[in-house]
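J.: Below are the chains, spelled out letter by letter.
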Amino acid sequence: MTGSMDLPAKGGFSFDLCRRNNMLQKNGLKLPGFRKTGTTIVGLVFQDGVVLGADTRATEGPIVADKNCEKIHFMAPNIYCCGAGTAADTEAVTDMVSSQLQLHRYATGRESRVVTALTLLKSHLFRYQGHVSAALVLGGVDCTGPHLHTVYPHGSTDTLPFATMGSGSLAAMSVFESKYKEGLTREEGIQLVSDAICAGIFNDLGSGSNVDVCVITKGKTEYLRNHQLPNPRTYASSKGYSFTKGQTEVLSTKITPLKQKVEVTEGGDAMEE
Amino acid sequence: MGDSQYSFSLTTFSPSGKLVQIEHALTAVGSGQTSLGIKAANGVVIATEKKLPSILVDETSVQKIQALTPNIGVVYSGMGPDFRVLVRKSRKQAQQYYRLYKEHIPVTQLVRETAAVMQEFTQSGGVRPFGVSLLIAGYDDNGPQLYQVDPSGSYFSWKASAMGKNVSNAKTFLEKRYTEDMELDDAIHTAILTLKEGYEGQISSNNIEIGILRADREFKVLSPAEIKDFLEEVE
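These protein sequence lines map, in sequence, to chains W and Y.
Residue 1 is where the first sequence starts when you use full-length UniProt numbering, and the numbers rise one by one after that.
Residue 1 is where the second sequence starts when you use full-length UniProt numbering, and the numbers rise one by one after that.
No wet-lab data here; the hints were simulated from the structure.
All C-beta atoms, glycine included, are put in the ideal place defined by N, C-alpha and C.
Some hints could be false.
Stated by the list, open to error - Listed next, the in silico DSSO-like pairs over lysine-lysine satisfying Cα-Cα at most 27 Å (straight line): (1) Y:176 with Y:228; (2) Y:89 with Y:159; (3) Y:220 with W:220; (4) W:122 with Y:92; (5) Y:171 with Y:51; (6) Y:102 with W:122; (7) Y:159 with Y:176; (8) Y:50 with Y:102; (9) Y:196 with Y:50; (10) Y:159 with Y:228; (11) Y:165 with Y:228; (12) Y:228 with Y:102; (13) W:122 with Y:89; (14) W:67 with Y:102; (15) Y:171 with Y:50; (16) Y:220 with W:218; (17) Y:159 with Y:196; (18) Y:102 with W:220.
Unchecked claim - Have a look at the derived ranges for each label pair, beta carbon to beta carbon: (19) W:218 with Y:85: 33 to 41 Å; (20) Y:235 with W:126: 58 to 66 Å; (21) Y:50 with W:230: 28 to 36 Å; (22) Y:85 with W:88: 33 to 41 Å.
Isolated chain W (complex conformation) (with noise of 0.2 Å):
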C-alpha cells in the first residue's frame, strides 16, 4: 500500500489525531475518561516469592499531599497488599480484609492462603460495583507457593508473573517488560522493582518520592521501608532563614485596643441546684 500520508519526520507534534478526534466527538463517540490514580505500584514473582514495591506519594488533585506515604499493607504475615486509587478506601478495604483474615486464621488454625485475601477482596469491591475505589497488587507466599494477582475496583482480578498498577503503570510495565525473566534471584527482583518504581517516580506526576519494596519468602517476610530515596530534600540554608524588622514593606496601620468591660448586677437569683 503506498502511503501518502505520512508523519513529518522533524520535530512537532502531529496535529491530525486531534482533528480526527474532534470529528469523532461531534459524531458523538465519547472520549475513554483518564485514570486518577496518582500511584506506581508493582509486584513480581522470583525464584523464592515474591517482590512487591510502591512509591510514597499521595496527592490531591496537582497538590503532594504526603512526600511518604506507605501503601504497601499489611494483611497477614504472608501476604501484603499495595494499593493505589482513593487512600481510603484502599487502607479501608485492606484492613478489614485482614482483620477477616486474622478471625479465620484463629478458625482454622492454619496460615492464610493469599486466593483466601483474593476471593474477600473481590467479592466486597464487587458488592461495592466500583464506587470503592481501590486498585490493588495482592501478593504473598503460602503452602501452595507464591502467588501475584491485581484487583481492579469492579471486583474483577488477574493472576500475573508480573503486575503494575496505578497512574505510574505503564511506565513501570515498559521496565517489567524489556527486563522481566523467570527464574529471577532475590537481589535481581528487589533491583528490576526498584527501577520500575523509578520508571514511575520520573515519568509519571503522580507518582514521586521514595521507593517501598516488600519481599515475601517462605516462612520470612522484609518489608523495606525507603529502600531507596532518589528526592532528597536540599534545604537552602541550614542556619534557617531570619526575618529582620524593616524587611517588610508597612503599608499602612491600624490599632483597635480591645475594651473590657464588667457588668456586675446586684440581687439576682441563687442558681438552683
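We have chain W; now place chain Y onto it with these hints.
T.: For chain Y alone, coordinates are given in the frame of chain W:
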C-alpha cells in the same frame, strides 16, 4: 435475640432473690473438668484436664485452651459448645476493637466485653445462660493478668484460681503453694501438681492441656512434647 414468641426472659428471679438458672449454670460448671490458672511475676499459666470420653477419640482434634488474640488466651470449665460460641464472639470483638482504635485490645476490655455477652444471655428473650466459667489469661502493658468470668457475667481478677469438679481441693492447694514473686516455670510446676492432686488415673502429656504467656507476650499452647518435659521435671 430469640424468637418473637419468646420475647420474655427465661431467667427469672425466685422469691429468695436468686436467679435459679444461673445457679444451675454454676452447677453445670462445677461438674465440668477441672481447670486452673496462676499469675506469676513474669507471666501467666492456664491448664486443664483433657479427659476424653473414650480411648477411640482423636485427642488432637480437641483443643480446650484457645487464643483470643496473640497475647490473650482462655480456658474453661463446663460445656464445650458454649465455650466455642464465646471464643468466636470474643475474637470478633477483639478485632472490632482493633479496627476502631488501632490499638490491641487490653485484657480488661476484652474481659468486660465477654462478660457483657454472658450477662446479655441472662436477660434476653428465649435464651439460656452460658454453661461455662472462663479463665482469661493475658499479658499487656499492665503486666500479666488472670480473670475469671462466670455464667452470670461477673468477673474477678485472680492471682490463682481453679474451677470445675475439684475446685475446693485445688484452691486450697493453690493457696498453700502460691507466692507473690513466683516465676513462670515454678507456676507451671505448681499448676501440674494441682491438676495431679485431683486427677483420677495417671496424668500424662496427652490428657492435660497447658497454655502460657511469657514476658514476650505471645500466648502459646504447649505441645505434648513440651508438657512431657515439664512433667518429668515435676517428678
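J.: Against each hint, give a clear statement of whether it holds in the structure.
T.: Do the hints match the structure? See the list:
no.: 1; hint: Y:176 with Y:228; in the structure: holds, 25 Å
no.: 2; hint: Y:89 with Y:159; in the structure: holds, 26 Å
no.: 3; hint: Y:220 with W:220; in the structure: holds, 20 Å
no.: 4; hint: W:122 with Y:92; in the structure: holds, 22 Å
no.: 5; hint: Y:171 with Y:51; in the structure: holds, 20 Å
no.: 6; hint: Y:102 with W:122; in the structure: holds, 24 Å
no.: 7; hint: Y:159 with Y:176; in the structure: holds, 13 Å
no.: 8; hint: Y:50 with Y:102; in the structure: violated, 37 Å
no.: 9; hint: Y:196 with Y:50; in the structure: holds, 12 Å
no.: 10; hint: Y:159 with Y:228; in the structure: holds, 25 Å
no.: 11; hint: Y:165 with Y:228; in the structure: holds, 24 Å
no.: 12; hint: Y:228 with Y:102; in the structure: violated, 39 Å
no.: 13; hint: W:122 with Y:89; in the structure: holds, 26 Å
no.: 14; hint: W:67 with Y:102; in the structure: holds, 23 Å
no.: 15; hint: Y:171 with Y:50; in the structure: holds, 19 Å
no.: 16; hint: Y:220 with W:218; in the structure: holds, 22 Å
no.: 17; hint: Y:159 with Y:196; in the structure: holds, 20 Å
no.: 18; hint: Y:102 with W:220; in the structure: holds, 24 Å
no.: 19; hint: W:218 with Y:85: 33 to 41 Å; in the structure: holds, 35 Å
no.: 20; hint: Y:235 with W:126: 58 to 66 Å; in the structure: holds, 60 Å
no.: 21; hint: Y:50 with W:230: 28 to 36 Å; in the structure: violated, 58 Å
no.: 22; hint: Y:85 with W:88: 33 to 41 Å; in the structure: holds, 35 Å
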